[in-house]
Amino acid sequence: MTKIRSILRLYTQGVSKKTISEKAGATRNTVKKYIRHYIAMNIPLEELDQMSDTELEHLFSIKEQNEPQKRMNDLLDIFPEIEKDLKRKGVTKEGCGENILKHILMAIVRLSSATTIINGQSM
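In the working numbering, the protein residues as written are 1 to 123.
Misleading hints may appear alongside valid ones.
So the derived label-pair ranges between C-beta atoms look like this [unchecked claim]:
| no. | residue 1 | residue 2 | range |
| --- | --- | --- | --- |
| 1 | R36 | Q69 | 14 to 24 Å |
| 2 | F79 | D53 | 29 to 39 Å |
| 3 | M72 | E94 | 22 to 32 Å |
| 4 | M41 | T92 | 50 to 60 Å |
| 5 | E55 | L105 | 39 to 49 Å |
| 6 | M72 | E22 | 30 to 40 Å |
| 7 | T54 | I100 | 47 to 57 Å |
Keep in mind that the hints were calculated from the coordinates and are not lab data.
Each residue gets a CB set at the ideal place from its N, CA and C atoms; glycine is no exception.
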């Protein structure tokens, strides 16, 4: 029996995620990931039990989302602005600290707003 199958069986029996992770030998984050995926698929456990282990593994192989890469690119987009500020005559790193902080905070707000919209949550 695969870890996925045992995780899902324990979950449908009402076992806590912490106990599932201990019994299945998986981290709690892995357990949460498989449970979220199982809920999102809305497939009955009986149907999953009829699948072979390879089919089940393939069904639950979750590709990493592009969101972290997009967030990194958004963060890197603010660096030219910071570099431009630092190249101005008479500006030091210490003196430019507030402006750098402002750019970073604005990027964080943009990123959190975008993530909220992507996840379908309202602010």
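Checked hints:
Distance hint check: the CB atoms of R36 and Q69 are about 21 Å apart, consistent with the given range 14 to 24 Å. Hint check: F79 to D53, Cβ distance near 46 Å, so the stated range 29 to 39 Å is violated. At roughly 27 Å, the beta-carbon separation of M72 and E94 lies within the given 22 to 32 Å, and the hint holds. Take M41 and T92: their Cβ atoms lie about 55 Å apart, and the range 50 to 60 Å holds.
A C-beta distance of roughly 47 Å is found between E55 and L105, which places it inside the suggested range of 39 to 49 Å. Distance hint check: the CB atoms of M72 and E22 are about 34 Å apart, consistent with the given range 30 to 40 Å. Taken as a hint, the range 47 to 57 Å holds for the pair T54 and I100, whose Cβ atoms sit roughly 51 Å apart.
Of the numbered hints stated above, the single one contradicted by the structure is hint 2.
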